[in-house]
Amino acid sequence: MVYRILPDENKLPILVYVQAVPVSIPSNARKFTDLETCEFKPSHSSKAALAFAASTFERGEIIAAGFSPVLREAVARGSASAFSMPLCDQPLDQFAFFPKGKAFSHIIVGENPDWVFSGASLAGLISVKMNYRFLVYSGPTAFDSSSVILVPDSGEETSSIDVRRIDLSMNVQVNPEGVIGNSIFRKQEEPKPELLTASVEESAAAISRRLRRIARVN
Amino acid sequence: MIALGLSNGPTNADSLIRFGADEVVQFDYPKVGGWPLLISNFINSESGLRMVIFPSDIMTNALMGMILASIPEKISSYLEDADSLNSDESAKRLDGFLLIQKGTPEGKTRLASLKLSSVPEPFEDSSRSGKVRAVAADGEKGVPPPPPIMHSWSTVPVILVGQGVTEETTKLASQLAQKYSGVLRFLSGKMEVVYGPCIAIEVSAKLRDLPEFKADLISISSKKLPINSIAEISAVTPELDKLLKILVRS
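Chains L and D, in that order, are what the protein sequence lines are.
Residues in the first sequence are numbered from 293 upward in steps of one, following the numbering used here.
Residues in the second sequence are numbered from 7 upward in steps of one, following the numbering used here.
Just so you know, these hints were derived from the structure itself, not from any lab.
Cβ atoms here follow ideal geometry from the backbone N, Cα and C, with glycine treated the same way.
Take the hints with a grain of salt, since some may be wrong.
[Said to hold, decoys possible] Calculated cross-link-like contacts (lysine-lysine; reagent style DSS-like; alpha-carbon spacing at most 27 angstroms):
id: 1; chain 1: D; residue 1: LYS220; chain 2: L; residue 2: LYS479
id: 2; chain 1: D; residue 1: LYS220; chain 2: L; residue 2: LYS421
id: 3; chain 1: D; residue 1: LYS121; chain 2: D; residue 2: LYS108
id: 4; chain 1: D; residue 1: LYS121; chain 2: L; residue 2: LYS323
id: 5; chain 1: L; residue 1: LYS479; chain 2: D; residue 2: LYS108
[To be verified] A short list of chain D residues far from chain L (calculated; beta carbon distances all over 12 angstroms):
id: 6; residue: SER83
id: 7; residue: ASP89
id: 8; residue: GLU95
id: 9; residue: LYS137
id: 10; residue: ARG139
id: 11; residue: VAL149
id: 12; residue: ALA183
id: 13; residue: SER210
Just chain L, same shape as in the assembly:
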């Protein structure tokens, strides 16, 4: 059964935080602010969060908030409007640019495990700062209003851009914003791929050793 959650009677909007990630980090990047010149895309988790919001809060007004270069795509993926903010390397700094003085029925954040800070961290922080209930989406249910919903991302295919919304997304007003942060980048040597061609027993032993580091035995 699919549940449709209607927006609150007082019709508060739903805010979806859209994490922008660089398509690739330039090889000469030294400081976080060097990302200013990059091309950006919405993170996979943010696309999942937008798809969740658009399908769950079908009749609600969805506002996408995030770094300016990805907001038009967010509108094409279902948000009614966009709120631009700078790109930060700290969740507390990012939160400082959230819309002020506005109430939302729900705030939705994707898992974003592949960014400097994760969606879990930002959602936890928002829940304390705004006194919203912290929820992790684990299946269709009714969501209390005034809650921040963290949407886990299994990495599976998300829905495509809605082509009917492309015109709308091109006309949406997006203010350009900058990149803020003190982190630094250090180029890392790419590990050389290791090809095991010895006996089956030796290959299994090498893989077992590696697995002990990266996975827990049940």
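Given the coordinates of chain L, work out where chain D should sit on it, guided by the hints.
Same frame as chain L, now just chain D:
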């Protein structure tokens, strides 16, 4: 090094000392405020606390965010899913780079969650000794929540099986997934990103048709394949099922 736990928690203090703690602080779980309040109060009251480290996962990262929101003035730096930590800096891998956060001003505490795959396997040293301190709840005692059943997708191992493998190979892949508390997935266009560690079995697709792998990738196949060029470790053997059987049983 101080280990924090609950007075009636699942891990006993002696075990934490054998794993390396010099002191174990055991809290009564408060009825109001939960873990964020406990740890925020501890950071506030413990002078000279340089860093608090969490095991990186979806709920601990949310907890870190709650603590940061509660006592921002006490926190000097904040990094999740770190690959390395030392006394000066925290670092995590990001697209071929190390993203580094530096600086520990006096009187402030660093918060970091550590990717568990980046630390060596721990061992218990029975000769170690340490102190145990009990901290009573300020108000009424509460019941701690059960351990989370949900883990971050970046910690869940994925056993990715290519097309056209035998029933026996699929069965062994499924047993491997069970052994490592992972999930079994079959390669299809539906898988766009693999966040967690991945064991790819007989995945013969071209690189452009593969999902994006964000963590460790191990490939096991009966012949050389394009995925070998991006996997950290690849085992190529005609005795594929034998290798899988050894991994399942070892």
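Consistency of the hints with the structure:
no.	hint	result
1	D/LYS220 with L/LYS479	holds (17 angstroms)
2	D/LYS220 with L/LYS421	violated (31 angstroms)
3	D/LYS121 with D/LYS108	holds (18 angstroms)
4	D/LYS121 with L/LYS323	holds (23 angstroms)
5	L/LYS479 with D/LYS108	holds (16 angstroms)
6	SER83	violated (9 angstroms)
7	ASP89	violated (9 angstroms)
8	GLU95	violated (9 angstroms)
9	LYS137	holds (29 angstroms)
10	ARG139	holds (27 angstroms)
11	VAL149	holds (18 angstroms)
12	ALA183	violated (10 angstroms)
13	SER210	holds (16 angstroms)
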